[in-house]
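Participant: Residue numbers (my numbering), protein chains in the order written: chain A, 1 to 142; chain B, 1 to 81.
Among the hints, a few may not be true.
A short list of chain B residues far from chain A (calculated; beta carbon distances all over 12 angstroms) [stated by the list, open to error]:
no., residue
1, Met1
2, Arg14
3, Asp25
4, Asn30
5, Asp33
6, Arg36
7, Asp57
8, Ser64
Here are some of the chain A residues that sit facing chain B, going by a computed Cβ distance under 8 angstroms [what the hints assert, rightly or not]:
no., residue
9, Val52
10, Ile54
11, Asn133
Just so you know, the hints here were simulated from the structure itself, not pulled from any lab data.
Positions of the beta carbon are idealized from the N, C-alpha and C atoms, including for glycine.
Listed here are the chains, written in short residue letters.
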Amino acid sequence: MQITSGEIRPDELRTQLTNRAAGAYVSFEGWIRDLNEGQEVLRLEYEVYEPVAITEGQNVIDEAVEKYPILRARCVHRSGLLEIGECAVWVGVTSAHRDEAFAACRYIIDQVKHRLPIWKKEHYVEGHSGWVNCERCASHAQ
Amino acid sequence: MSKRVTIRYFAGFRENAGTGEEVLDIDVSNAGDVFRALQHRHGSSEPLGHCKVAINDEMADWDSVVRDGDTVLLFPPVAGG
């Protein structure tokens, strides 16, 4: 598990997973899109509490390795300011066959989204901004 | 009995509290007590189940015991990915 403020380069990350026993490689990339819940998004800011995000992210990867017969798994998540179209999160999994690679990749991204202390602030074209998923903080958001 | 606890706020909670961290003497037993006692600081009416908590940099439950000298990290609803 890695948190980075630099650009995520899936092609480079992919090469770190190559393995002669691997018959399948499945990856997921989460990208910044320009629209969320009807509001036009200008850019996005991720706040990450790294000490816990890295530990919990590694727990998720270890769980995937235990649950599914995969060879290797990695996850990288961005922090800081991101523009539309940038890669926010990457998950890569290798295994002998495709079924377990798909399942493990899905498990990792779902758990990462649900468990890691990462928050997303959207800056909208209209000038305001808001924390995603925190409706009851919204009235205070700047 | 009052305990000296360091509270850390993140994202929307930090913006509402106007600070990322404060040290308080509060009468609490568990992490849920901390969340409820500081509702006026983090300003959120989110149900506990939507938020998360860590104690001394380890993920915890809302019924986890808070001890004198602990650092309690209050996490608003997360939104990674």
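Participant: If a hint holds in the structure, say so; if it doesn't, say that too.
Facilitator: Now for the hints, and whether the structure bears them out:
1. Met1: holds, 28 angstroms
2. Arg14: Contrary to the label, B/Arg14 does not stay out of reach of chain A, its closest Cβ about 9 angstroms off (not over 12 angstroms).
3. Asp25: holds, 25 angstroms
4. Asn30: For B/Asn30, whose nearest Cβ neighbour in chain A is about 19 angstroms away, the distance exceeds 12 angstroms, so it holds.
5. Asp33: Given that every Cβ of chain A is farther than 12 angstroms from that of B/Asp33, nearest at about 20 angstroms, it holds.
6. Arg36: holds, 14 angstroms
7. Asp57: About 5 angstroms separates B/Asp57 from the closest Cβ of chain A, which leaves it inside 12 angstroms; violated.
8. Ser64: holds, 14 angstroms
9. Val52: Because about 5 angstroms separates A/Val52 from the closest Cβ in chain B, which is inside the 8 angstroms limit, the hint holds.
10. Ile54: This hint is violated: A/Ile54 lies away from chain B, its Cβ roughly 10 angstroms from the closest one there, beyond 8 angstroms.
11. Asn133: holds, 4 angstroms
Checked against the numbered hints given earlier, the structure breaks hints 2, 7 and 10 and satisfies all the rest.
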